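*Asks:* Construct the entire structure; sequences and hints are all you get.
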Amino acid sequence: MVLISWCIRQKAGLELIEPNINVSRSYIKMAEESIETLPGVSNSRIWTAVTSYYIFYYSLYSLMMRIGIKCEIHPCSLEFMRQHLRMFYVKEDNDMISGAMKARIDLQYYADRPIDDGEIEQISRYCKVFFIKTKDIISRITEAQIKELREILAKGKK
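Reminder that position 114 of the sequence shown reads as 171 in this note's numbering, one-by-one numbering, no gaps.
There could be a bad hint or two in this list.
Below, computed lysine-lysine pairings styled on DSSO-like, alpha-carbon distance capped at 27 Å [to be verified]: (1) Lys212 <-> Lys185; (2) Lys212 <-> Lys148; (3) Lys185 <-> Lys159; (4) Lys159 <-> Lys204; (5) Lys68 <-> Lys204; (6) Lys204 <-> Lys192.
Label-pair restraints from in silico Cβ distances [unchecked claim]: (7) Arg207 <-> Tyr166: 32 to 40 Å; (8) Pro132 <-> Ile209: 35 to 43 Å; (9) Met144 <-> Ala168: 18 to 26 Å; (10) Ile209 <-> Arg82: 20 to 28 Å; (11) Asn77 <-> Asp169: 40 to 48 Å; (12) Ser83 <-> Asp169: 33 to 41 Å; (13) Asn100 <-> Trp63: 34 to 42 Å; (14) Ile103 <-> Ile209: 33 to 41 Å; (15) Ala211 <-> Lys68: 29 to 37 Å; (16) Arg207 <-> Asp169: 38 to 46 Å; (17) Thr199 <-> Ile103: 25 to 33 Å; (18) Gln165 <-> Arg82: 23 to 31 Å.
Worth flagging that the hints you see were computed from the coordinates, not collected in a lab. Since this is a predicted model, take the numbers as computed values, not measurements. Every residue, glycine too, gets a C-beta built ideally from N, C-alpha and C.
*Replies:* Spelled out as structure tokens, the structure:
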């Protein structure tokens with residue numbers, strides 16, 4: 058786990074930008090394309106884990122772009138979600154995206170770390186639920202909620 062205060066201080070960490078609906082839509086499109094790709098990689102544990110993780114991440118990042126929060130450090134984006142997007146996401150959502158990130162890293166970079174097939178299957182199913190949930194959040198988030206989230210991050214920068 059990383060600290061939000063650390064993430065704010067990093068060059069590619071959490072940063073306020075102008076909210077951008079067009080970029081948000083682009084990330085949703087990337088998640089959709091990844092969902093379409095998922096059945097074609099189902100015979101590969103590595104690519105199922107990688108694709109599933111990016112479905113989660115592109116979905117989350119789409120919401121962050123809608124709010125106007127940029128971050129190139131994935132653990133920082135996940136920590137922002139865990140701490141500040143609780144009005145939208147529950148513990149299971151946080152656990153699943155974190156588990157997907159860990160599975161992706163373990164399978165891509167550590168051949169000796171075992172990952173349970175059932176966990177990969179669960180992640181590949183849940184990423185689609187997360188995608189639908191996030192699209193719904195993006196469609197109903199209010200300007201007041203966006204302002205509140207931006208103010209929270211701005212206060213953390215001081």
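*Asks:* Enumerate the violated hints, using their earlier numbering and listing them in ascending order.
*Replies:* When the structure is compared with the hints, numbers 1, 4, 8, 9, 15 and 17 turn out to be violated.
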